[in-house]
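Asker: Given the sequences, and given the hints that come with them, work out the whole structure.
There are 2 protein chains.
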Amino acid sequence: MSARAHPVDDDGEISPVDTSSPRQENTPYVHKVEVPPKQNLFNEFMYTFKETFFHDDPLRHFKDQSKSKKLMLGIQSVFPVIEWGRKYNLKMFRGDLIAGLTIASLCIPQDIGYAKLASLDPKYGLYSSFVPPLVYACMGSSKDIAIGPVAVVSLLLGTLLRAEIDPNTNPNEYLRLAFTSTFFAGVTQAALGFFRLGFLIDFLSHAAVVGFMGGAAITIALQQLKGFLGINKFTKKTDIIAVLSSVISSAHHGWNWQTILISASFLIFLLISKFIGKKNKKLFWIPAIAPLVSVIISTFFVYITRADKKGVQIVKHLDKGLNPSSLRLIYFSGDYLLKGFRIGVVSGMVALTEAVAIGRTFAAMKDYQIDGNKEMVALGAMNVIGSMTSCYVSTGSFSRSAVNFMAGCQTAVSNIIMSIVVLLTLLFLTPLFKYTPNAILAAIIINAVIPLVDVKATILIFKIDKLDFVACMGAFFGVIFVSVEIGLLIAVGISFAKILLQVTRPRTAILGKIPGTSVYRNINQYPEATRIPGVLTIRVDSAIYFSNSNYVRERIQRWLTDEEEMVKAASLPRIQFLIIEMSPVTDVDTSGIHALEDLYKSLQKRDIQLVLANPGPPVINKLHVSHFADLIGHDKIFLTVAEAVDSCSPKLSDEV
Amino acid sequence: MSARAHPVDDDGEISPVDTSSPRQENTPYVHKVEVPPKQNLFNEFMYTFKETFFHDDPLRHFKDQSKSKKLMLGIQSVFPVIEWGRKYNLKMFRGDLIAGLTIASLCIPQDIGYAKLASLDPKYGLYSSFVPPLVYACMGSSKDIAIGPVAVVSLLLGTLLRAEIDPNTNPNEYLRLAFTSTFFAGVTQAALGFFRLGFLIDFLSHAAVVGFMGGAAITIALQQLKGFLGINKFTKKTDIIAVLSSVISSAHHGWNWQTILISASFLIFLLISKFIGKKNKKLFWIPAIAPLVSVIISTFFVYITRADKKGVQIVKHLDKGLNPSSLRLIYFSGDYLLKGFRIGVVSGMVALTEAVAIGRTFAAMKDYQIDGNKEMVALGAMNVIGSMTSCYVSTGSFSRSAVNFMAGCQTAVSNIIMSIVVLLTLLFLTPLFKYTPNAILAAIIINAVIPLVDVKATILIFKIDKLDFVACMGAFFGVIFVSVEIGLLIAVGISFAKILLQVTRPRTAILGKIPGTSVYRNINQYPEATRIPGVLTIRVDSAIYFSNSNYVRERIQRWLTDEEEMVKAASLPRIQFLIIEMSPVTDVDTSGIHALEDLYKSLQKRDIQLVLANPGPPVINKLHVSHFADLIGHDKIFLTVAEAVDSCSPKLSDEV
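Chains X and F supply the protein sequences, listed in that same order.
Using numbering that gives the first Met the number 0, the letters of the first sequence correspond one by one to residues 0 to 655.
Using numbering that gives the first Met the number 0, the letters of the second sequence correspond one by one to residues 0 to 655.
Hints in this document: simulated from the structure, not taken from any laboratory.
Possibly wrong hints are sitting among the right ones.
For identical chains, the list gives no copy identity; a pair is met inside one copy or between any two copies.
[Said to hold, decoys possible] Simulated pairs of lysine to aspartate or glutamate, EDC-like, Cα-Cα distance not exceeding 16 Å:
1) Lys635 - Asp606
2) Lys373 - Asp56
3) Lys433 - Asp318
4) Lys62 - Glu564
5) Lys235 - Glu163
6) Lys68 - Glu82
7) Lys604 - Asp366
8) Lys62 - Asp165
9) Lys62 - Asp561
10) Lys462 - Glu43
11) Lys635 - Glu596
Answerer: Given below as structure tokens:
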């Protein structure tokens, strides 16, 4: 196709070909930028408020309903179970039953291991897979999430708690602080949801989470070396240096070959089963039940060989019975209250990030909406109740949710099934875990956390956004070389730094006209784009706010200075017009207006005309109320760069 | 003009008129969005780094210069005086002399008053107008700024210091802490400049500063009521409630009519002179010298009438002699070190904001560039040296700088003149201030701070940006009703909140085609714009980052849901295409890509095609590396909305 036939034209300009004639006659065809109608202040405010806190319009169902219906809907929105419960049928149940049993078989051994990560007695892991899933099933809106203790949160909670109390010297305080933290974790989550502040967790960027998870996974895996190698005295630290050195130092005497034999062989078994599951999606259940199978086999094996006598560490004792109440154990006063609060906020936020991410992922897959804030209230309530029934912070588990999804779960009933299985285990089967070797739990956990090291995602992040990659790596190395909190801190820090960078240093570009068209594009991107002599066209790629107004002004002035030097050197006609393409300038505030005024003043001194192209509705509006439009002259504001250029130098358009 | 003759077209679309024919023939004239050439990682990084910290390219002069020249330039850039000193001539000196004398006459009475604001002995005010101006004259790059103590910083410093130490019970510690704070204020300023972090002060938005200044001015004026009314026992608090109540409570006995007579009459005199100066710019010197004149008159008057015997409070005693060294008074250890540091950082930042604002304003007026960061180093050095020579935090004064400018100052020499006058005053004239009534100082300060209450600016802010206005009012009321720090805190808090809001809740809009053209515009702004049946076009008005990716996704889905309900109600053809206009989407990161993927998945479920229009260079680049372009199909990405719409439904274009 020839440029003549179909000249491109994305600047509101009519193609030069068919308009050169009217232009020579200087027909004033230029289109004014319309000023949008005045907004009522209250409406404006309400709109902003609504968009900020209620953008998902959670109350839409309540509109024009009877009182009783409203009440009913209100109860429903808190307990979605009432809604989907009515539609529940046997077919759904079949799916949920299978899924529930599968995740139960997966969660029981994991729970025992994760509890150890948090330096808690294994039973608390099982407790946390009993009550919270039930609560969530009634209040949660995700159909696929599998609730329970998860590796990363357990590790984080453990690290934070151990920093305050030594679990070995005074286990009771430790336990109480754990419940206190869980309580406040729940309160934090519920509060965030209730006050519609859910968006705060978005500040932990995806990249940061990937790095953090990866680092945590490796830290967790390293922690498992204790059980994996059967080392007796192991460092309390979690950073890679300390762990490896303590592993190596204990190499010549501390390791136990029988333990290694068990853990290594079963880890291989687990990895193979995982591989099979990956290859053939139908066989997803093989990796799902593999952990339980290996627990059973290894336990039996240890029982008959009495390998525990040969230094193979075993679970030894696992209390029978249901969650006791732990309400009176929570610190509601004293300085542990504050510590518990701090720990609770941190671990609560992290738990939230994981759960919400899972919820979103599967909601997108099956295309149902999830109200993030309502979800947070559900998760919060679940942890608050949990903290009163001897559970520690539980949330949605990536691995188990995926299995749940693949096993064809239909509703949160799969979580109920799981918690019933856990209930039965607690009532009758706990004694059977006596001879379960810790080695197998180590193997299971290592196998479970491997997928958290998401190399593919990291590579993608590197490809897409370098700064994201820095955040990712910062979190990653922060976790493995220092500690979980530091890693988290780095992640959040860099994420915020990125926001500040984004708002303080917007892109600017010099535009040129692409030959044969009247499109103006970044000349660095399109080297063939031609500059119009005597005219400098600059595009500003962001809203001009107080945080970047001075930068934008100075940057434009520097573009101008460079250009003038260049022009002088090449003895071209001097710059007479500075056109600012404002299409991407979505908004401008007082500081922005002042920056423009300063720019205008200094341009006047240099006898250069300031011309604006295509300011958006809010911008043109503010240019008018601030009388900046009057200052530079209304005839200096154009709908498009092309028109602006023509107005600057009517003849140029033909030269090009 | 008819739309036919000149169809508008800012969407890269050829005007419908002259292209309807090829369109019917379905000629594939669509223009692909070009993927910019790959960037070398290192260059990319260096570019970002440079733009962040060296966007003003401070080393440009050093390029391809000899070593010795580089050294020379280096020294020059630290001491600009070397550069402009050489070009200095008598004509310039005349201007500077007049300006210098004028601001001196203005600053001497102000200094004495401001020192009292900081609960310091009057002499320290004069000290601070002697050394710092000299240092600045050598290192600073602004030609118009007038250096010395200023009202707001004095008040802030005083408030912060009094919170730590009571100046009456132990004045020595108080003084030492003042110098310590000054030292760290200087260090902070210099550090910010040296590490190119000057942009940090931009986070205190213009609006916040206006509000803060206004509040501070009123607080200061209220503080002056003590001197103005001749009240003996006055509250230590600064909030309006406490001050007014203490004023009223002392009304029936505490006031002193002679004092009120003096202060009131001279305040009127000052206001009138200011009015004259405003009316006739040539008479700027009248308001400039009025304060000194009134000091002289009132002092003489008190001296002859011995009004001090009748309860008119006077300065009493003002030490003769130059700044003593205060190096050994600075706390370099102990817990006062930390307190001094904290106070220093805060007051240093505020002082910086004022000075930099002044520098920028006048630089824009006379069109010379100021390197903000270099300026900060100069101000920092000035305060560090000041802290060692019995000066407290000094910075650029709005009022005196304006006078300096109007008096025709040419260079920083006017500051030198001023400091010489102050020097002479310190050496010989201090005894004359013995009978100067505090009332006159109060009148002078009240008169000086009135302009800081910038009603016009506030109204403008209200008109331009409501959120800015909230920040402004927040700072204002925070200062007058609680305290200076709280006001400052509110100001910074709201400013940051605004940034977060900006990056978490970008605007989105539904676009319609403006009849007779192929421009697509926000249908709320242009009600006449027509929607294309079966197609929903949404524009996202910001970069899609982790901080807003989920909001953007959910918001788009909600637009879609609303639209579908509307469509169902009106029994129109169902939505088949969702076009996202991405022109304002300046960038996208990993989270953004994932949000788009999720959106795409859920759209697939609803059997709706996702189409992108005009993604910018960085965006299209990332769409490719992330293979999202492959996912939705390259033929679904168009240069313009119009082309996208055509591709969706070739026939529609004729209907419209």
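Asker: Against this structure, judge whether each hint is valid.
Answerer: These are the hints, each one checked on the structure:
no. : hint            : verdict
1   : Lys635 - Asp606 : within (15 Å within a copy, 46 Å between copies)
2   : Lys373 - Asp56  : within (12 Å within a copy, 50 Å between copies)
3   : Lys433 - Asp318 : within (10 Å within a copy, 87 Å between copies)
4   : Lys62 - Glu564  : between (64 Å within a copy, 14 Å between copies)
5   : Lys235 - Glu163 : within (13 Å within a copy, 42 Å between copies)
6   : Lys68 - Glu82   : within (13 Å within a copy, 80 Å between copies)
7   : Lys604 - Asp366 : between (59 Å within a copy, 6 Å between copies)
8   : Lys62 - Asp165  : neither (54 Å within a copy, 60 Å between copies)
9   : Lys62 - Asp561  : between (59 Å within a copy, 14 Å between copies)
10  : Lys462 - Glu43  : between (40 Å within a copy, 12 Å between copies)
11  : Lys635 - Glu596 : within (14 Å within a copy, 41 Å between copies)
Figure legend: structure checked against the earlier numbered hints; the only hint not met is number 8.
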